[in-house]
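There are 6 protein chains.
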Amino acid sequence: MSADDATVAFLAEAGHLKNLPRAGWLLAGIRQPESVAEHSYRVGIIAYVIATLEGANADRAATLGLFHDVPEARTGDVPSVGKQHVTLQDPNDVAAVQTAGLPPGLAARIRGLVAEFEAKETIEAVCAKDADKLECLLQARAYQAAGNTLVQPWIDTMLAAVKTETGRRLAEAAASQPVDAWWHKIVASYGRPGTD
Amino acid sequence: MSADDATVAFLAEAGHLKNLPRAGWLLAGIRQPESVAEHSYRVGIIAYVIATLEGANADRAATLGLFHDVPEARTGDVPSVGKQHVTLQDPNDVAAVQTAGLPPGLAARIRGLVAEFEAKETIEAVCAKDADKLECLLQARAYQAAGNTLVQPWIDTMLAAVKTETGRRLAEAAASQPVDAWWHKIVASYGRPGTD
Amino acid sequence: MSADDATVAFLAEAGHLKNLPRAGWLLAGIRQPESVAEHSYRVGIIAYVIATLEGANADRAATLGLFHDVPEARTGDVPSVGKQHVTLQDPNDVAAVQTAGLPPGLAARIRGLVAEFEAKETIEAVCAKDADKLECLLQARAYQAAGNTLVQPWIDTMLAAVKTETGRRLAEAAASQPVDAWWHKIVASYGRPGTD
Amino acid sequence: MSADDATVAFLAEAGHLKNLPRAGWLLAGIRQPESVAEHSYRVGIIAYVIATLEGANADRAATLGLFHDVPEARTGDVPSVGKQHVTLQDPNDVAAVQTAGLPPGLAARIRGLVAEFEAKETIEAVCAKDADKLECLLQARAYQAAGNTLVQPWIDTMLAAVKTETGRRLAEAAASQPVDAWWHKIVASYGRPGTD
Amino acid sequence: MSADDATVAFLAEAGHLKNLPRAGWLLAGIRQPESVAEHSYRVGIIAYVIATLEGANADRAATLGLFHDVPEARTGDVPSVGKQHVTLQDPNDVAAVQTAGLPPGLAARIRGLVAEFEAKETIEAVCAKDADKLECLLQARAYQAAGNTLVQPWIDTMLAAVKTETGRRLAEAAASQPVDAWWHKIVASYGRPGTD
Amino acid sequence: MSADDATVAFLAEAGHLKNLPRAGWLLAGIRQPESVAEHSYRVGIIAYVIATLEGANADRAATLGLFHDVPEARTGDVPSVGKQHVTLQDPNDVAAVQTAGLPPGLAARIRGLVAEFEAKETIEAVCAKDADKLECLLQARAYQAAGNTLVQPWIDTMLAAVKTETGRRLAEAAASQPVDAWWHKIVASYGRPGTD
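From first to last, the protein sequence lines stand for chains A, B, C, D, E and F. Following full-length UniProt numbering, the numbering of the first sequence begins with 1 at its first residue and continues without gaps. Following full-length UniProt numbering, the numbering of the second sequence begins with 1 at its first residue and continues without gaps. Following full-length UniProt numbering, the numbering of the third sequence begins with 1 at its first residue and continues without gaps. Following full-length UniProt numbering, the numbering of the fourth sequence begins with 1 at its first residue and continues without gaps. Following full-length UniProt numbering, the numbering of the fifth sequence begins with 1 at its first residue and continues without gaps. Following full-length UniProt numbering, the numbering of the sixth sequence begins with 1 at its first residue and continues without gaps.
The shape of chain A in the complex, shown without the other chains (with noise of 0.2 Å):
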């Protein structure tokens, strides 16, 4: 295989990441729940937006999140009643095959971040960490907008674990902010929530 037919075959790798189901909100009865691209999207987002309010290096914190869960294309997202049942090898060592193919540099870079991420010792690594967090508490809360009860657990879970004073103080404000907020105002506008 080529070091672009690698390259291309990484990149449909990453792509699975659409496929998979985040499995904690399967046990949460939630039949179609996102997937874990879509959560690795927002992570990214987040930790470009912690990064920036604690003075770190926003791009590098976004890339950092954006990158965390590609191991999970191998392992799957191994659901929290498993972890005494099944043991997974150190994401670094997933990485490391994951990137096996690729051109020497491109692998030692992606190999960097998951490094970092796991890590926890750059303040990058730390934001990225606790948007990981922060997004499963939002994702949490939309949830619960949409009807389910068995969510809060998750909200509290995460809003004890998110380390940044940015992560904190954004974590409280999401466990009491509507979900509907950043639209009901635009709408409300208008003088309808509805479509044309």
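Hint data in this document are derived by calculation from the structure and do not stem from the laboratory. Where hints are given, some of them may not hold.
No copy is singled out in the list; a pair is fine if it fits within one copy or between any two copies.
[Said to hold, decoys possible] Simulated crosslink set (EDC-like; lysine to aspartate or glutamate; CA at most 16 Å straight-line): (1) K120 x D90; (2) K83 x E172; (3) K185 x E13; (4) K185 x D5; (5) K185 x E121.
Let chain A serve as the given structure and place chains B, C, D, E and F on it in line with the hints.
Same frame as chain A, but now just chains B, C, D, E and F:
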């Protein structure tokens, strides 16, 4: 609305891309296609890869790709058949409204991401634009393998639209590589493709 | 393209409304909502009922309701949050383009349906417009019963928007009637609500 | 139950067709097919077109098409494999029960729609029946283009079942026209089929 | 058709229950509910459990539960609102047709399963019938927890319908136990309910 | 937790297989594939058929097939691409934990089912294992007929994996029989394949 509340509302708005189907695939008769968020996730991944191989700032390119469709949370994803009937506000103006309540520094940063992507002047923006095309090509290939017979035009157009040398090489590889290449060999090594 | 081919192409285009989710429900966090075609179906039914009770031409009102969203096959269903950012061509102009290749008499008839609905001058058009609102109200009630907590504004707005005396009375009944009223009594008569 | 309440209950019942999958497509292995409501929507559209070209009352034909499956809200859509095992009450009798509580004039009108469609004696009913077949044919073509290999028998049967001269001509065109004909040319004029 | 071909055709027909939504949940406004196959799976599991606790032949009870809805592959799942309008052939007669081409011994065995279940005379059949009710109750509870507000009548009816002492005790427990009881404690032991 | 509560919790846990998509089909790009429960349902059916034809205890084989994936309620369905990265606890140990709170006799029986299936020593276990393969083969054929182009390897592997003489014969028939064979003849006898 406090700055924190406004920031959370922006993150909720960004999450709306999870709910928006990509309009082009609906035209192709794919009833429950990927979301704009899923597309944006892989655009970010691909932008990182292209930028690395082009020697550009990969974190920046990934971030540009990740944010490039955030204005669609307001406008929706207008399909190509609608272009002659729909006039969209400039994405920069949409982003200005979307970020109006954010802490000023953060708002400026996010508007800067949209502006840089739209201007296509930096090498990172060019890489992210190429990633947008290549992502679409890869997804069209995946839908073809899933049976859809209508998406070849997407592949042809995207092949012609990439600009960087890396993008061109990867697009050509993507247009011919079987979509199961990434897992076919792994699975064959177990003597079976299925699951237990 | 022959007249027959153009007619079939128009029917295929009308079928695209089956693929288009109603954008308002996506805002409300309903990930796989009804299609525009499903909405149009019941708008036609309701228009027939209102027009009958108002003493208008019920067949005409039903037909106006049935066709009223056909221009959305081109433009998509622009959500209310997009109104300040998106300018849509006049539906009459969209319909003119959509029917351009049809046999002239047929094209004129279809354009006439769109024009009459948009002008809101005939009693049949007023009934069909009311049906559009009442259909949305009934669907919002159904989503509430399915658990969604965000759709009350749709109900309130639609209640205020109906114009005919019949529409007002039915909207008030719809806003308070449990959505299972139609089957609750039937099922109770069997001593059980389920299925064998 | 007041007349208004009974009318709203009827409209809720008519809405149940949104939830009913077309049973034939389930046989063909299409797991989440169109609903009966989506089918009925386009039957109405097609009936209007055929009746116009046949010189019949197009509004009436559209309305007949729109209402023709309302009895299925009670009976469900019995698949062809079930015909030898399931005996359905006459649709006129089902409609009589469905409309029992409505204002008498309205009930009579709706029963009249079902009766006229079933009797196949008026030219409008014949056009609506043809529309029912042609709609099925067009949908089968769409599922073929989406990859399904089992629906050719639907196309063949529907081709043979249409009765009017217009229906025959359109069915023949529909059986050979690519399903993307309506958007292919529009999109080509932009140099690309995708979305931005 | 050879005996092997007929046997495979029967297995394909049994697989059609994967495509059939349970009609009762559609009435309750659940757009993409469980399939009849999913229901049958757990009816088998529950029948095994009840029969074990009742001292009956658990393997037999499980098998009766597993096969009890196979006739629905032909007839569909007729909803309770349809009972007054639809006459179904006796399930034994449907099963006779379904198994007509099978090797005679196998056909007799499968008909025997349907006959035993329908006759409700053996303790194993009574356990399997109870399992059918309890499964429905458990699923209704799951849909309630997911937000649906219309399914309480299913719970009440199923509670009243179970016959065995074990079935009654389990139904009472099921009617009050939170649906997340099985995973709540496991997850709490990790300090968080989510997924990594 | 009382024994009844523990039993109900086990039944709720078994129901989680309804929510788990089969991981192999996700690899093949099938976005909303069958659930593990749907698979288990037909494994039970097929095990009954094979065991009957092999002269084994058919009720036992069906029950083994029905329960064989219950441990996946904890571990999830690990895809083949994950095997080198994920270590699963022995299914017997998982089942021991899953049944820990049940009445001891019931717990022992359920653990016995898992143990017998995993040991592959009894003829009933061998039949159930073959059923697991044949079910996968039949489903792969169904996805092929629905358009998917990536599942041939599943067919080939399953063909090679069945052990019993009956399993081999049926697998060969299944690999060549059109998936619509079971309904094609029935429907043709009505002169049309569709629905009314």
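Tested hints:
no.	hint	verdict
1	K120 x D90	within (14 Å within a copy, 33 Å between copies)
2	K83 x E172	neither (28 Å within a copy, 31 Å between copies)
3	K185 x E13	between (40 Å within a copy, 13 Å between copies)
4	K185 x D5	between (49 Å within a copy, 13 Å between copies)
5	K185 x E121	neither (40 Å within a copy, 32 Å between copies)
Consistency with the previously given hints fails for numbers 2, 5, ordered from lowest to highest.
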